[in-house]
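Q: Those sequence lines, one after another, are chains S and X.
Taking the numbering used here, I'd label the letters of the first sequence as residues 1 to 176.
Taking the numbering used here, I'd label the letters of the second sequence as residues 1 to 189.
Check before you lean on any hint, since a few could be wrong.
Which stretches of chain X does chain S cover? Using the computed rule of at least three CB atoms under 8 Å from a CB of chain S, they are [claimed, not checked]:
1) 7 to 21
2) 43 to 54
3) 71 to 82
4) 157 to 169
5) 175 to 188
FRET-style restraints, in silico, Cβ to Cβ [stated by the list, open to error]:
6) K82/X - E22/S: 52 to 62 Å
7) N159/X - M33/S: 41 to 51 Å
8) E97/X - T129/S: 26 to 36 Å
9) K91/X - T106/S: 20 to 30 Å
10) K163/S - K138/X: 36 to 46 Å
11) G98/X - E22/S: 50 to 60 Å
12) Q146/X - S94/S: 32 to 42 Å
13) A172/S - D116/X: 16 to 26 Å
14) P102/S - G117/X: 30 to 40 Å
15) K55/X - S94/S: 47 to 57 Å
Derived by calculation from the structure, the hints in this document are not laboratory data.
For every residue, glycine included, the Cβ atom is placed at its ideal position computed from N, Cα and C.
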Amino acid sequence: MTKRQVRARMRRMREHFEEAEEETVEINLVPYMDIVTNIIIFLLASVVNQVPLGTVNVSSPTFGAGGGGDGAQEKPALNLTVTVGGTGFTLAGSGGVMPPIPRLPTGDYDYNALTAKLTEIKKEFSEETKATFNADAVTPYDTVVKTLDAMRYYKDEKEQREKELFPDVVFAAGIL
Amino acid sequence: MATDRTVSPEVAARLAGKKAIRSYARKLADPEDIKDLNITPMMDMMTIILVFLLKSFTSSATLVNMDNNLSLPPSLTRLAPKQAVPVTITKRVLLVEGEAVASINNGRIDPQLKRDGDNGYYISPLVEMLSKVARREKKIAEVTGQKFDGELTIIADKNTPYRLLTEILYSCGQAEYANYRLLVLKSRE
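Given the sequences, and given the hints that come with them, work out the whole structure.
A: Below, the structure is given as structure tokens:
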């Protein structure tokens, strides 16, 4: 094989390779990548900045017919009502009105005392989950939500977990 | 036993030529310089991330713009928000699905907008608006074969007085909405 033959063969190979390269058309993905990267950064930023939101479920009062069972053997209904007044919390049930829970010297409502009192009641009426909520006309929504928190769950120190108190809260039909 | 292998000049030239062609072919097939980076796998990955992020972004049920007129109260609740008709109570205005229904002044609705005057609970424009929404929701529920659950998301400012809240909830009840989800900020303490 002479040098000329080798050079000719190499030239043919190069031409063939270049033709093959020209035939494959590649889509230019760079602009698409730019867009996608921008969107991802924007979405990531908005996900990170999202405020953690939750909900507290309440319902308006409903009136149902009384149970038709053997009422004498059942435990009397609790009909627990928690009222937020200007001086503090008032708890009432079928048995009567309990001593009020006054405000703390700082002026704040004593949510811990309310939870403690409701925990005592829950021990007596472990099946009961309903409670009615009522408040003064001027009670701010913030206080309403905090009271609902105190009414719904408590933290069991022994078992280190939250337990239900009265999670089915119904707003009273009227206000004070 | 050693053999004396003598190669003729012609054969040697042919072998040398073939060797040169082979090495040239290898060079063409595997260029040392990388001309184009293959970004297709990266594009695949990014598209998947984009779809995932878009989905998580749209599935967050409620987006609230908090400002001076609307700051949510903190709560220990762990319940996540669900899709429901939003009723927003700011310091200045009452909105249903982002549309202003009545103005609020010092925590009170204009008595003229109430059916029974200043002491009344029935806020006429709110009931009208929610009745329309309820009709629409019922139609959707009918078509999709679901049950109309009458749920509202209440997004209220933390200083809203209980009286106003009760008036609004009463009016919502008149439009067949009896279950409320109070939107709050999740807090640990």
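Q: Work down the list of hints and note, for each, if the structure agrees.
A: Structure-based check of each hint:
no.: 1; hint: 7 to 21; in the structure: holds (count 7)
no.: 2; hint: 43 to 54; in the structure: holds (count 7)
no.: 3; hint: 71 to 82; in the structure: holds (count 11)
no.: 4; hint: 157 to 169; in the structure: holds (count 10)
no.: 5; hint: 175 to 188; in the structure: holds (count 9)
no.: 6; hint: K82/X - E22/S: 52 to 62 Å; in the structure: holds (58 Å)
no.: 7; hint: N159/X - M33/S: 41 to 51 Å; in the structure: holds (48 Å)
no.: 8; hint: E97/X - T129/S: 26 to 36 Å; in the structure: holds (32 Å)
no.: 9; hint: K91/X - T106/S: 20 to 30 Å; in the structure: holds (26 Å)
no.: 10; hint: K163/S - K138/X: 36 to 46 Å; in the structure: holds (38 Å)
no.: 11; hint: G98/X - E22/S: 50 to 60 Å; in the structure: holds (57 Å)
no.: 12; hint: Q146/X - S94/S: 32 to 42 Å; in the structure: holds (38 Å)
no.: 13; hint: A172/S - D116/X: 16 to 26 Å; in the structure: holds (19 Å)
no.: 14; hint: P102/S - G117/X: 30 to 40 Å; in the structure: holds (36 Å)
no.: 15; hint: K55/X - S94/S: 47 to 57 Å; in the structure: holds (50 Å)
Every hint from the earlier list agrees with this structure, and none is contradicted.
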